[in-house]
Amino acid sequence: MYPALTYAVAALLGLLAILALVAIAKPSLDRPARLAMKGLHGATAFVVALDAVMLLQGHEVDNNVTHIGYMVAAVGLPVILLNQRGEVDEKGKPVLDDEGNQVPAPPPHLGVVAVCALAMAVLVVRLQMTL
Amino acid sequence: MTRDPVSTDPVRPKPPARSRALGQLLIAAYAVFAISAGARSFSQIVTDFDAAPVAYLLSLVAALVYLVATVAFRKPGRTWFRVALAACLFEMVGVLGVGLWTYLDPELFAEATVWSHFGAGYGYVPLVLPFIGLAWLRHVEPETRPAGNGT
Numbered sequence: 004m005y006p007a008l009t010y011a012v013a014a015l016l017g018l019l020a021i022l023a024l025v026a027i028a029k030p031s032l033d034r035p036a037r038l039a040m041k042g043l044h045g046a047t048a049f050v051v052a053l054d055a056v057m058l059l060q061g062h063e064v065d066n067n068v069t070h071i072g073y074m075v076a077a078v079g080l081p082v083i084l085l086n087q088r089g090e091v092d093e094k095g096k097p098v099l100d101d102e103g104n105q106v107p108a109p110p111p112h113l114g115v116v117a118v119c120a121l122a123m124a125v126l127v128v129r130l131q132m133t134l
Numbered sequence: 002m003t004r005d006p007v008s009t010d011p012v013r014p015k016p017p018a019r020s021r022a023l024g025q026l027l028i029a030a031y032a033v034f035a036i037s038a039g040a041r042s043f044s045q046i047v048t049d050f051d052a053a054p055v056a057y058l059l060s061l062v063a064a065l066v067y068l069v070a071t072v073a074f075r076k077p078g079r080t081w082f083r084v085a086l087a088a089c090l091f092e093m094v095g096v097l098g099v100g101l102w103t104y105l106d107p108e109l110f111a112e113a114t115v116w117s118h119f120g121a122g123y124g125y126v127p128l129v130l131p132f133i134g135l136a137w138l139r140h141v142e143p144e145t146r147p148a149g150n151g152t
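Chains as they are written, first to last, in our numbering: chain A, 4 to 134; chain B, 2 to 152.
Treat the hints with caution; some may be incorrect.
To be verified - Short derived list, chain A residues pointing at chain B, Cβ under 8 Å:
no.: 1; residue: Gly72
no.: 2; residue: Ile83
no.: 3; residue: Leu84
no.: 4; residue: Asn86
no.: 5; residue: Pro110
no.: 6; residue: His112
no.: 7; residue: Val115
no.: 8; residue: Cys119
no.: 9; residue: Ala122
Said to hold, decoys possible - With a Cα cut of at most 35 Å, we get these calculated DSBU-like pairs of lysine-lysine:
no.: 10; chain 1: B; residue 1: Lys76; chain 2: A; residue 2: Lys96
no.: 11; chain 1: A; residue 1: Lys29; chain 2: B; residue 2: Lys76
no.: 12; chain 1: A; residue 1: Lys41; chain 2: A; residue 2: Lys96
no.: 13; chain 1: B; residue 1: Lys76; chain 2: A; residue 2: Lys41
no.: 14; chain 1: A; residue 1: Lys96; chain 2: A; residue 2: Lys29
Hints are computed from structural coordinates only; laboratory data are not their basis. All values derive from a computational prediction rather than experimental measurement. The C-beta atom is built at its ideal place from N, Cα and C for all residues, glycine as well.
Work out the full structure: start from the sequences and follow the hints.
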């Protein structure tokens with residue numbers, strides 16, 4: 004793979020975690036932080052894709068299961084943590100608007116974005132270390 | 002066509018606890034640990050189970066506890082509150098017990114688990130997490146009481 008690219012993505016994810024925490028106090032940074040999360044999710048997917056190409060070309064890693072686990076987790080974690088579900092009430096039933104459509108849940112808290120970015124940074128570094 | 006089974010009022014004065022900041026953070030942290038502990042135990046059990054079966058099975062138990070807690074924190078109602086409480090208590094006993102055990106008898110755990118040395122390998126987050134979870138559950142407990150019993 005390309006260590007410089009991988010570590011650059013990991014460093015940017017670390018910076019994003021800080022940005023997301025700052026954005027909790029400064030609402031004007033809310034949108035840039037969320038956009039950066041989407042961009043870095045794409046960058047992480049790109050790194051993982053490069054890694055997958057290397058594996059398909061016959062590169063041997065010490066432990067395939069562990070390495071592929073890091074690949075899946077790095078791309079899948081933000082999907083699990085940051086996707087928006089519809090609102091449900093306290094009985095678990097969907098909340099509907101006047102037209103009968105389910106009310107979308109508010110975007111995840113910026114603290115969740117920070118946790119996700121930090122976890123992704125760790126996963127990307129581990130991905131490089133196990134290559 | 003009836004809309005009986007759903008609520009039609011999108012305007013609520015206060016979101017449920019799981020949607021507030023600390024609830025979201027807690028669920029996210031538990032989800033991260035469910036994934037990391039689950040992936041770790043899966044990898045260990047599939048590739049090298051005989052090397053340290055006790056440690057690997059313990060990793061699997063830890064992963065299941067984190068998964069159950071993640072789901073229970075997300076779900077509304079009294080039953081899920083009790084499930085979350087049980088998961089947090091189990092996790093607290095697990096991390097304290099295994100943490101202590103790994104210092105008293107390191108030979109038993111040939112390989113590290115999530116709870117080894119009080120979660121030192123994960124920045125002691127596994128040690129702190131159940132206490133935060135229990136504090137949060139205590140905070141939200143009134144919301145989970147059945148209607149008419151909320152004193």
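Going down the list of hints, with the structure as the test:
no., hint, verdict
1, Gly72, "4 Å, holds"
2, Ile83, "6 Å, holds"
3, Leu84, "5 Å, holds"
4, Asn86, "12 Å, violated"
5, Pro110, "10 Å, violated"
6, His112, "4 Å, holds"
7, Val115, "4 Å, holds"
8, Cys119, "7 Å, holds"
9, Ala122, "5 Å, holds"
10, Lys76(B) x Lys96(A), "11 Å, holds"
11, Lys29(A) x Lys76(B), "31 Å, holds"
12, Lys41(A) x Lys96(A), "30 Å, holds"
13, Lys76(B) x Lys41(A), "27 Å, holds"
14, Lys96(A) x Lys29(A), "34 Å, holds"
Checked against the numbered hints listed earlier, the structure breaks hints 4 and 5; every other hint is satisfied.
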